[in-house]
Amino acid sequence: MAFTPIFAGWDRLMEKPVLLESPAVNFTGLPGVNMSQESLVEIRDLNFTYDSRPVLTGINMTIPRGKVVAVMGISGCGKTTTLRLIGGQLKPTSGEVRVGGQVVHQLDADGLYALRRRMGMLFQFGALFTDMSVFDNIAFQMREHTDLPETMIRDLVLMKLHAVGLRGAHSLMPTELSGGMARRVALARAIALDPMLIMYDEPFAGLDPISLSIVGELIRKLTDALGASSIVVTHDVQESLKIVDYVYFVSEGKIVAEGTAEEMKHSTVPYVHQFIWGEADGPVAFQYPSRPYGEELMERAARRG
Amino acid sequence: MDNGLARALRGLGQQVNSRIWRLGYASRFFLAIMLHSGTSLRRLHLTLREVYFTGVLSLIIILVSGLFVGMVLGLQGYDTLARYGSTEALGVLVALSLVRELGPVVSALLFASRAGSAITAEIGMMKATEQLSAMEMMAVDPIARVVAPRFWGGVISMPLLAALFSAMGIFGGYLVGVQLIGVDEGSFWSQMQASVDFREDILNGVIKSFVFGIIVSWVAVFEGYDAEPTAEGVSGATTRTVVTSSLAILAADFILTAFMFTGT
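Quick note, the sequences are listed as chains A and B, same order. Reminder that position 298 of the first sequence reads as 297 in numbering that gives the first Met the number 0, one-by-one numbering, no gaps. Reminder that position 14 of the second sequence reads as 13 in numbering that gives the first Met the number 0, one-by-one numbering, no gaps.
This is chain A alone, in the form it adopts within the complex (with noise of 0.2 Å):
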């Protein structure tokens, strides 16, 4: 098996829990956290509008704790968006976002922070500082946020580095890795503080094959590891349906389908089909909209009489 080597300390990690009781990262308790309540994040309403151009409308999404979520659609349809009002990098036009029970967009900064420090986020393409080492970016919210002694934070670095099977490359610098690799590296700083709720930008973008299996099987085996709810932003079809429970297709700002990832393949929703079975045309237009062809050739032949 492929993943044989890199989870070769995979059930020894599990035995011992350090993901989740190391001193650095139990949150559970902290103020304002709801953690008895069923879903984790809570979307009602949501309007979000960017130079009055509508990006998002009527969004409604449930997260429950301890599941992988996906929502699908094609570039530039708000993805991206949802997951930065979850993360109160905007702020929406109406409606609101909920997280641990608290409205994200009502919170003053300091409360905004501390519940940041209970995300975790992987962007696009990793988005590693690149003036730091391996080690050094996935010790750097330990260092930001904790008194932890420096030996600790080794230990801490290092077991969530064998965690995505680099442990032996926590001497490199980002440059230093393949894409793939830089997306580990991105996972395991984004579980650094073992967060309560995981956001994944793109996860899959760009990457080959085994990398892009290696990604999909750590986002749902560290998913299930912390008893963290994820979120994953995709358009790959294929890799995601495997590992999420549940699906929100968005179409144009707008969910247009919902349900398991089971019930998705299956779904006769045309838009979802057309995304599933990567259709050149459908609801998703091949063309840009423009005028009719022959009207314009018309035109232009009528203007040159």
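If you are wondering where the hints come from, they were derived from the structure by calculation, not from laboratory data. Keep in mind that a hint or two might mislead.
Cut-off 20 Å, straight-line C-alpha distance, at most; resulting in silico cross-link-like pairs (EDC-like, lysine to aspartate or glutamate) [unchecked claim]: (1) A:K90 - A:D130; (2) A:K264 - A:E295; (3) A:K253 - A:D107; (4) A:K90 - B:D196; (5) A:K264 - A:E238; (6) A:K90 - B:E129.
Calculated Cβ distances over 12 Å to all of chain A for the following chain B residues [what the hints assert, rightly or not]: (7) R9; (8) L109; (9) S245.
Computed from a prediction, not measured in an experiment: that's the story for all the values here. Note that the Cβ used here is the ideal one computed from N, Cα and C, for glycine as well.
Chain B: place on chain A using the hints.
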């Protein structure tokens, strides 16, 4: 014709409006840097690291340029002073030219090209590759962690570089004037010591270089932070840093010199 004129006026108004808006935005950004400077001072190693990158790594260009500027001053100064039979005042001419004017201004222009552009490119690339967004999502304020240390690193480096530029320039003037042309060494140094006033000349030069340090560092971090997150956007921001800060340095130099001018 009327339409063309109206369009031109509208375009001009829009340009002026957007420039004023951007200046306001830059001012708010400066205020944000001041408010978030606590981290830079508490964790001094972050700022010292930037002093190394902006200051120490600019040393070669500053020292070599200072040497050549001083050597040229020695030659040109000797030529002019010889006409009045006062070549022994060469030391004064070289030293005053450097500490009052050329040291702060030329070193600031070089600093803007060498370090200012590097700061803009670095912050711009961090923005383009989502490193700043990632930092925000990790509950770390990029203005406190990335921008403020670079700003203060530049502000601290600039007066030190200007002082080294002036020192190297005086040495260049000495090499040409005394060693090459044969001006009396005693006159060269003693007249310099007698005529250069600490408060009027040296302190004013230091104040200038400090102000130029603020201008270059502010423009550099702002342009980087405000850059379009694309390769083209970052290259445009880098160019703007050099152009804007060079013009601002020259304008500020005139204003500061006018304030410092005593007429004696």
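Exercise. Compare the structure with the hints numbered earlier in the document and write down the numbers of the violated ones, lowest to highest.
Key: 1, 2, 3, 4
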